[in-house]
Structure formats: C-alpha cells, structure tokens
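**Student:** Now for the letters of each chain:
2 protein chains.
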Amino acid sequence: MSDYRAPIKDALFTLRHIGEIEQLAGTELYAHADYETVASVLEEQGRFMQEVFGPTNAIGDTVGLKWTPEGVETPEEFKPAYAKFVQAGWQGLNAHVEYGGAGFPEAVQTCALEFSTAANGALTMAPGLTTGAIELLQEWGTEEQKEVYLRKLVTGEWTGTMNLTEPQAGSDVGLSTTKAVPVGDGTYKITGTKIFISFGEHDMAENIIHLVLARLPEAPAGTKGISLFIVPKFLVNADGSLGERNDLRCVSIEHKMGIHASPTCVMSYGDEGGAIGYLVGEEHRGMRAMFTMMNSARIAVGVQGVAIGDAAYQKALTYSTERIQGSEIGGDTPGPVAIIKHPDVRRMLLFMKSHIEAMRALLVYNAAAIDLSRALEGEAAESWREVAELLTPVSKAWCTDVGMEVTSTAVQVFGGMGFIEEAGVSQHFRDMRIAPIYEGTNGIQAMDLVGRKLAMRMGGVVTDHLERIRATVAELDAAGDEFASMRTELSASVETLSEVTNWVMTNGLADPVEALAGATPYLRIFGIVTGGWLLARQALAAQSELNSGSEDKAYLSAKITTARYYAEQHLPQAAGLVPMVQAGSKVLYDVDAETLASV
Amino acid sequence: MSDYRAPIKDALFTLRHIGEIEQLAGTELYAHADYETVASVLEEQGRFMQEVFGPTNAIGDTVGLKWTPEGVETPEEFKPAYAKFVQAGWQGLNAHVEYGGAGFPEAVQTCALEFSTAANGALTMAPGLTTGAIELLQEWGTEEQKEVYLRKLVTGEWTGTMNLTEPQAGSDVGLSTTKAVPVGDGTYKITGTKIFISFGEHDMAENIIHLVLARLPEAPAGTKGISLFIVPKFLVNADGSLGERNDLRCVSIEHKMGIHASPTCVMSYGDEGGAIGYLVGEEHRGMRAMFTMMNSARIAVGVQGVAIGDAAYQKALTYSTERIQGSEIGGDTPGPVAIIKHPDVRRMLLFMKSHIEAMRALLVYNAAAIDLSRALEGEAAESWREVAELLTPVSKAWCTDVGMEVTSTAVQVFGGMGFIEEAGVSQHFRDMRIAPIYEGTNGIQAMDLVGRKLAMRMGGVVTDHLERIRATVAELDAAGDEFASMRTELSASVETLSEVTNWVMTNGLADPVEALAGATPYLRIFGIVTGGWLLARQALAAQSELNSGSEDKAYLSAKITTARYYAEQHLPQAAGLVPMVQAGSKVLYDVDAETLASV
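Just so you know, the sequences run in chain order A and B.
Per this note's numbering, residue -6 is the first one in the first sequence, and the count goes up by one each step.
Per this note's numbering, residue -6 is the first one in the second sequence, and the count goes up by one each step.
Looking at chain A on its own, in the form it has when it is part of the complex:
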C-alpha cells in the first residue's frame, strides 16, 4: 500500500512562479512545453508514480535484492513496474527529441523526478542513472553511438550506469587505476574494479550500458589522464540485436542501511582478458565529459531531499491527524485530541512543510536556470548558466541536509511507532542518509561553492544573486502588512549573507584553508537565505493570485503564512552561523590527531 500523493499543485505553482515556465515556453527550444501541456504531463506522471511505483516501495525495502553469479534479482514487483515505466515513455521526458525524447525542460523533469523518487527512491535510481548516461551521450557520443545506444536508453529499454568510484578512489577520482588498452580496431580492452555502481546489474532491462572511467597506457596521472568508455553488458550486433556477453560482471552487492532495492554493485571488468569498450569523446578528456552531467546529477540528488522528505512528511501529517493522545492545552475540547492540535507537533509539521517548499523551489529554479541557459542566447544565456553553476552545490548539499532533518522530524512525529519498520517512515529516514554522501559529499559541495563558484566572474555571479534577493526585499516593501516581517528578516539575512560572502572571498584569497574551514556552515547560510528568498517570492505570487480573484484561498494563504513562518523563525538562524564560518581554520588544527583520540 502506498499513500503517497504527488504534490502536483505545488509543483505547478513553483514552475509558474519560480521555474520560469512561461518564459521557457516562449523560446523555440521549449515552445512545445507550454503550461497546459506541462500541467497535463505532470498530472499524468504524478498519478503514474502514485499508482505504479508507489506500491512497490515498502516491498523493495523489505524484500531487497538477491545476488547470484548470474546476476541480481530485483523484487518481483519491480519488473512489471519498470516495464510500464518504459511503455509510458517517462524515461525520455527531458531527452532530446531527435533521439526519441520528449524534450521537456529540466525544470519539469525535476518535478517528475521528485514524484518518482518519493514514490520509490530505490527503483528510481535506475532511470536516474540512465538519465545521466543519456546526457553524456547526447553531448559527447558519435552519431553511431547515439543511434546504437542513446535511442535505447531514451526509451528506457536499456539502462545506463556511471562507473567512477574505485576502492582507493572515491571523492578523489584522480586516483583511479582502471585500465583501457587500445585493441587496434578502434575498441579498447577495459580491466579493473569499480565500486558503488548503482544498478550495475539487474533484471529489469535486457541490456545495461556502463559508462566507465579508465586510464590509457601512459596517460598522465590524476584527473587529466582519465578517459570515458561505453562498456555494454551485451555487445550490440551490426543489426542492433544483442550479441555476446561482454567480459564484465557484478561480483557482489552491498548490504546497505537504506535504498535496499537499489543494487550497489562491485563491478569487475576484464577478468577474462578485457571488457570491450568504446571511447566517448577524446582520450584523456573523460572528466570533461563527466562534468556535462554533473550539474543535473547533483540537482537529482538534491531532489531526493525534497522527495523523500515529502514522502515522510505526508505520512507524519496523516499520523498526526489520526493519533489521539494528550489534552488540548488551553482548548475547549475535553479529553484526548489528535496530536496535530499540540503546538510542538504543529511546529514540526510547519518546519517540514516550509522546508519542503523551499527545497522544491530551489531545485526548480536551479533546473530552470539550466534550461534558460540552453534556450536563450548571448548574455542572457550566460547569466542563467552562471546561476545554475552557482546554485548547484547548494541544491545538492542544502536539500539533502535539510531533507535528512525533515525525515528525522517525520520519525519524531510518529513517536515510538516511528522506530518500528512497519510504520514505513523509518524507511525514508534510512533511504535518505545516503544523499548527503553520494554525487560528491556535502563537504565537497561546500568546497565547490567556496573554492570555485564564489570566484566566478570575480565575485560577480554571487553579487548578482544577492542583488536578486535585494530586489525581492524591495518588492516586499510595497506589499501589505503581512509581508512586513518577511521584508525585515529577508533584508537582514541577505546582508548577513553578503557580509559573510565578502569575508570568505577576502580570506580565501589570502589562505584557501581559512575559507574551506568554514565552507560547510557558509553553504548552510547560503541555503537558508536562498530558501527564504524563494518562499518570499512565492508568497508575493500567491498574494498576486489572491488579488486577481483566485478561488484557491486556503492554498494561497498558506503559501504566505508558510513563507512568513520561515522568515520569522528560520532566517534569523543564518546570523548565528556566521561566527562558525569566520572562526577560521587554526582552532581545527590546534588539537592534533593523536589528542583527538586521547580518552
């Protein structure tokens, strides 16, 4: 049983007011993605996920996977669910039209991915990784590679994987040692071991296209000596039919805390002489190709924060209306009441609701920035590309950290039942915990923000971001009384962000370690303020819809209240984190490793 309801109304509201969906539909690239079409697509996709993926989620967690030397067996409910997914064509939602995709914007894909992930996060890992492979091949594949592999990935008939990590090379991909030796006929023989390969082996698709990073003989050390290869599970004959099994296998799967139904594979390439691989892009330029998909992959992990957070929130909200316990304080109702009446439960629910909507807005905004950078031209495109670059680490890290807090809060609402697996909410808590880790740990995201993104256009990109927030402060000025506290708090917090940004840039130039020591709390401040900004923009938009006579008063008023709650209660926390950023690195090294262990 699944009780997940895709938040279609809120996704559409966010797409309209934050996701620039109307501007996008005005471009040639996305002319087909007008609002009405997007709405009907998301309604259909949301319903599909509720009805098809949703009911398989708890099953996957309980049943898990079965590994044998022949392969990995997914729960029996997965195969038909995935088959329906392929049949409905959801894999191609944002893929290029010329290779069979529907060509919808990333902003729309972000919402669809949220519904899919919330319905079944483990199963969604398969199409999620396939999307990454599609993006890579769209950009870097030869025409032949596109015809042979890309088309099958876009339909979802075949799935894709990303093979980066090795036992000694995790965050530090440059340490990888998997080898690729040219055979002479244009192909390469790949040998090596890759770990943490999601859906590296499974039984839902007839072929799996592995994208593998490997090193050519005499390649330079580090990331500049890594090349990218297509290594299919089954080789493909000239007529497109499946040929021989390639020399690669899944030698084991991991026993994990969560996403039990997503096989995390140890992949062995070339045990019998070498797996046949096909170079993608240029030799030694594999990392450059990987960067193509990095932004959307990181946004996709950020989506797990809002998706799994929302799935947990929905369960907690339902429970809070059904669980009768404790008297209403200061209320008229005699006897025990539903716990949603208690202020502390209310606080937890509003914390979750506000942060879910802030995360959704950030992710949609970030994805729309990618879309606009593609759909527009010249300076406008460049400006949106900068926004996407700047915000990606924040989308990934802030949304997964907050997503973790949201799922933990949902567990708390359940009380003792939250710890019992059958109640279902603990699965979300366990599933969520990987998201702050993979696709670049949140610490690495913070280093990316501080070490690379702030420096973009000599600080001009982050300054533009701050100016956009200040523009909203000005709009709040002109709005009614209900917006007064939002204005005050957003104004104060954007100046806090501005000052701490200045500190980080100044000190980071002098000594990078100083800036990096505070990178994580800095990213947190950035997320808090940006989330509050996007909620305030939604509140203004809601007021404007109300002024135009919208009938949906409860929903729209709640948008305003939610933004006000966040502004009053959460924006002020940004200032409390500033000392943590500015404390610098010295104190961190004053206690040496040995003394840290002295107990």
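No lab work stands behind these hints, which were simulated from the structure alone.
Check each hint, because a few of them may be wrong.
Each pair may be met inside one copy or between any two copies, as identical chains are not told apart.
Pairs of lysine to aspartate or glutamate, DMTMM-like flavour, derived with a Cα cap of 25 Å [what the hints assert, rightly or not]:
(1) K579 <-> E398
(2) K59 <-> D264
(3) K59 <-> E414
(4) K579 <-> E315
(5) K72 <-> D196
(6) K172 <-> E275
(7) K2 <-> E587
(8) K77 <-> E37
(9) K579 <-> E561
(10) K59 <-> E199
(11) K546 <-> D583
(12) K217 <-> E321
(13) K182 <-> E265
(14) K2 <-> D585
(15) K579 <-> D470
(16) K139 <-> E275
Chain A is fixed; fit chain B onto it per the hints.
**Tutor:** Just chain B, lined up with the frame of chain A:
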C-alpha cells in the same frame, strides 16, 4: 571485533571537576567512593565493557532476536556476556548497600552506563531497565518485596521491566486501561496489553520482574487512578525458589530500525484469567512511584546520546586517519593524504569531540546533583535537588538530539562506506534514533522544562542556574588570553538565555500555548549555553592542572582548545534561535490541518 575504548580518563576528569566527586566522598553516604576507588572501579568496568559487551554489539545488530510462543531467544553471545556481567556485580554499582549494592553515586553510575551503552546499547537495555526497577523497589517496596525481589535484581540474576505504554496510551499514560482486580488475599489479578516493553521477555535471566501500571476497579480516570504492581514472570515460593509460571506472555516483538538485539515486546497479561500481581506503594499512587525513577531514567537515555555518539566518533576518527583521499590544501605533503588533514573533516571531528565532552559533563553534573541532594542535608540538599530537576529534561532531550547529530556526522566522515552496514557506523546511527523518542519524547521534555521546571521556586531555580554560569564568566575574566573569546561568548549567550527565559516565563503565564510553541528551540538554547558553560569550567580546570605542573599537556591543552572552539563556533548559534522561541503560537495554527495536506 570491537574497537570501542572506554573514555576513562575524560570520565574521571569530568567527575573530578564537574561531578563533585570529592565533595561526595566527603559525605557519609558516599565516604567509600573516594576518587581512587572510583577511578579503579571505572577502569575495571570500562575494560570489562570493552572486552565483554563490546564484541557482541555488531553481532546483536546482525543476528537480532528470535521469537517463539515459548519466549525470546537472544543472540547466543549475549547469555555468556550477561552472565559475566552478573558475576562481576556491575548491576549493583549504584544500588543500596543494604540490599547487596555497592552504593556508588549516580555520577559514577552515569559514566559506567556510558561505557556499557557505547559497548552494546541493545544489551545494556536489560540492566538499564533493571536499574529502574531497583530504584522503584528501594523507595516503595515493602521489606518483604525487597527481600524477595530487590536482592535478585541487584545481583542481576533477575531482570526488571517497566510496563507503562499501551496501544492507546503512549505519551498520555493516563489513558491506560490495564486492569487490576483484588483477589482478597492481598494479591491482584492483572489483565491487559502493554506494548514497547524492552526486555519484556528474554533468555538471559531465570526470572523477569515486571513493574506494571494498572487500574483498580472504580479507580478515578487519568493518571490519578493508576496503581503499580510487581508481576513476576515466575511466581516465587516462600523459600525463594521459583514456582509457577505467571499468566503473562510476550505475544510478539517489534521489527525495529535499530537496537535489533533489544526485544521490544508486546506483553499480554491475564489471557488465562489474570496474572498475579503485588501492589507496590499505595493504591492509585502508581505514577508517584514512577516519578521516583523518572529523573535517573531520563538521564540514562541522555547517556545514550553521549555513549552511542562516542562509539560512532571513535570509529570515524580511526577511519579519518586511515582513509587516504585528496591532496592537502596548502600543505607540503605531495599526493593524497589521510582525510583527517582536510579542514572539513577536522571540523566534523571537533564538532563531535566538543559535543561529546559537553554532553558527558551535563549528564555527570545532573547525576551528581541527585547524589548531593541525597548526601547533603537541608538547604544544600534542596538546592541540588532543584538543579537535578531543572536539568533532567535538558539532559534527556539535548543529549539525544545532539547525539543523533554526532552519529550522523560520523556516518558522513565515512563517506560512501558510512552507508554500508559492515562498516559498523550505520548501526550507531540507527540505534540512536529511538533515544529522542522514548522515556518522554524530546517535545515532552521541552514542555516539562518550560511548563514545570522554569516555574520552580517562581523562577528562582533557573535564575540560580544562570548565576552559576555568570560566576564562571567572572572566572574566565581572570584567566589568560586563551580564555578571552570563551568569556565573551559565554557572557553573551548566558544573557541571551536569561532574556529568552524571561520572555518564556512572562508569556507562558499569560498563555501557556505561547510558551509551549517555542519550547523545543528554548530547550535547545538552554542546552547549547549550559554545554558551553560546562566546557568552559573544564577548560579552567585544565588550565589549573597545567599550572600545577601536570604532565598530561596534550590532553589538558586539548580541553581548553575544545572549549574555545565550542564557545566561538557554537555558542553564537543560541542567539539565532531566539526568534523561533518568541515567534509564538499563532503562525503555527494559521495553516489548518486540511491545508497542510493540500498539495
């Protein structure tokens, strides 16, 4: 394999400088517990836990429990480990001497419980619940009950349980419906179902003494109509031998996210007519008896925060010195280095270390306050009793919330390996999640702090607490430069706490819902500031030991640095939470339940 090392040195430092161990040894009650004796006891107990309980922890998580209608089978390694525990006499550490206990202070017990919980939290639930039963019977049992049951509990030969919760009565114990009918011979027949009964059934002891809350016929509704009964698994013959099996059984055990080896039982009483029970204390006064053990039980759950947090920290620290990944930024070492060299990893380690030491100090201080209230007389005793009452909800809630953050941070240090069960750190993360829930959810602790504890002596108790912190500020004034930032930050944050306390009390009198709406962030502020205070006191004590020529320079200097880090980076966060407390309740209710669900 277990790599847990009991932090004996830091526990002893904390007992000496925070736990008033010398003052305690000067009292008649604890004259036998002089520092040297305490040190040797804790060294022995810590080693025992490392060697005997520690190696069974991961096994318990993996193997779990086996339920049959006949009983619950614990992992085969548990029985011998528990037998050694009984043989060593650790159960009686803090029990009264006249019934076979060693009569050590609660402050010492807190440290011993920390080592035990860190070594194996699930197994420690059995002695932990037994301790609660011992405390109840010491205070409320008749001489006969003490001779028959208490002595066997103190040796650990029998274990005890607490039976409060029923399906419809969790946080709201007053809703319980389990019945007790007088038989006429002084005994009662108990019928009803209790849930969430830890170690309600197991195979490690020959008898289990259930302490059960039940309602007599025509008892008043609510908590004032609840009586407390001893309901043994096996009835005890006049000669002390075990007699008939009582009419009670474990009908199922829960499938939980963590503490897999601690059986969480559904207990059914009286399926065949009624389980025989013996009244403890007076009729209808069962809750009063329960309150006897509530403070120490809540401190014991707080101990889980520091214990499991420390177990996770120790694993993360080791991993950070062994995992080679990434180049040192701004360093001289070429090539990849141990990740402990990276500032963000350093930040995570120091966050964990500082908070573990702050939690340990808070718990020891709280427990010592109980001891002093027992060992001293008159106003001094009363003053310490007040301290214990005031701090107990903070010890429980702040330490479990922070403990959760610490274990989550430890998972993060492990990167992808943190999500793999075999690495072991994920067990701590899962085990930890129940602690913010049971023994009164953290929301209930916050309500207790705001609704009851602040009001004690018309605010005089909390005012005294603030004055003690201010006294330390004055001491920091006189200390050297290294204490300057500690002084500044502690001074600012204690005034923040003072002001927000004033706000809560003033507004709480006018409208309790206003105060309760901000109770959770208020407790958080209280914990942050009190933790910083206790670290500062330790730093001053460390300086004084250094001044006296102590040789242990690395350890003592690290105490000072750790306190400074916390003061500079964490104390300022208190101010950021004030608006959350003072926002009041209105905004929480502006979005109604239906609209919360509108997506």
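**Student:** For this structure, which hints from the list above don't hold up?
**Tutor:** none
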